[in-house]
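> Sequence:
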Amino acid sequence: MAITHVTDQTFASNINEGLVLVDFWAPWCGPCKMIAPLLEEIDSEMVDKVKIIKLNTDENPETTSDFGVMSIPTLMFFKDGEAVEKVIGYQPKEELTDLISKHFSN
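The numbers in UniProt numbering rise by one with no breaks, and the one at position 42 of the sequence shown is 42.
Check before you lean on any hint, since a few could be wrong.
Taking CB as the label site, the calculated pair distances span [to be verified]:
1) His5 to Ala83: 27 to 33 Å
2) Ser101 to Glu62: 30 to 36 Å
3) Ser105 to Thr7: 27 to 33 Å
The calculated lysine-lysine pairs, modelled on DSS-like cross-linking and capped at a C-alpha distance of 25 Å, are [to be verified]:
4) Lys33 to Lys86
5) Lys54 to Lys86
6) Lys54 to Lys102
7) Lys54 to Lys93
8) Lys51 to Lys79
9) Lys51 to Lys33
10) Lys102 to Lys86
11) Lys51 to Lys93
12) Lys33 to Lys54
13) Lys49 to Lys102
14) Lys93 to Lys79
15) Lys93 to Lys49
16) Lys51 to Lys86
17) Lys49 to Lys33
18) Lys86 to Lys49
Don't read these hints as lab results, they were simulated from the structure. Keep in mind the model is a prediction, meaning the values are calculated, not measured. The beta carbon of each residue, even a glycine, is placed where N, CA and C say it ideally should be.
I would like the entire structure built from these sequences, with the hints used as guidance.
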């Protein structure tokens, strides 16, 4: 499954089922560019455990504000529509896969 880019209008319908990792990012953000290839790898390796979506914070201020995103990248985990964890800043791949496994098993 490919990573889906969402908007303020499509956000809610993309987080309502299963485990979803949301990447709040912007094109000018250096750490966002660093984490993007890791998310691509995780998406292909853990397709059966997590859905990964990306929300451009510059183009979607409503959702960004609703979830209190002040720094990017911010990664939020949702389980069946409910926010379960938020991490801010670049994270190594191992940390991300550990978080996915933690929430997938719950």
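> Now, for every hint given, state plainly whether the structure supports it.
Hints, verified against the model:
For the pair His5 and Ala83, the beta carbons lie near 20 Å from each other, so the given range of 27 to 33 Å is not met. Between Ser101 and Glu62 the Cβ separation comes to about 31 Å, which falls inside the hinted range of 30 to 36 Å. Here the CB-CB span from Ser105 to Thr7 is close to 31 Å, well matched to the stated 27 to 33 Å. This hinted pair checks out: Lys33 and Lys86 have alpha carbons roughly 19 Å apart, not beyond 25 Å.
Distance hint between Lys54 and Lys86 is fulfilled; the C-alpha atoms sit about 14 Å from each other, no more than 25 Å. Straight-line distance between C-alpha atoms of Lys54 and Lys102 comes to about 21 Å, which keeps the hinted pair within the 25 Å bound. About 17 Å separates the Cα atoms of Lys54 and Lys93, which keeps this hinted pair within 25 Å; it holds. Distance check on the hinted pair: Lys51 and Lys79 sit about 10 Å apart at the alpha-carbon level, within 25 Å; holds.
A threshold of 25 Å between alpha carbons decides the hint, and for Lys51 with Lys33 the separation of about 19 Å falls inside it, so the pair holds. Distance check on the hinted pair: Lys102 and Lys86 sit about 13 Å apart at the alpha-carbon level, within 25 Å; holds. Note on Lys51 and Lys93: the hinted pairing holds, with a Cα-Cα distance of about 16 Å set against a maximum of 25 Å. Restraint check for Lys33 and Lys54: the C-alpha separation of about 12 Å stays at or below 25 Å, so the hint holds.
Between Lys49 and Lys102, the direct Cα distance comes to roughly 11 Å. Compliance with the 25 Å bound is thereby established for this hinted pair. Note on Lys93 and Lys79: the hinted pairing holds, with a Cα-Cα distance of about 20 Å set against a maximum of 25 Å. Proposed proximity of Lys93 and Lys49 is supported: the alpha carbons are some 15 Å apart, at most 25 Å. Only pairs whose Cα atoms come within 25 Å are accepted, and Lys51 paired with Lys86 is accepted, the gap being roughly 16 Å.
Distance check on the hinted pair: Lys49 and Lys33 sit about 23 Å apart at the alpha-carbon level, within 25 Å; holds. Taking the CA atoms of Lys86 and Lys49, the gap is about 18 Å. The hint holds against a cut of 25 Å.
The structure fails hint 1 only (numbered hints given earlier).
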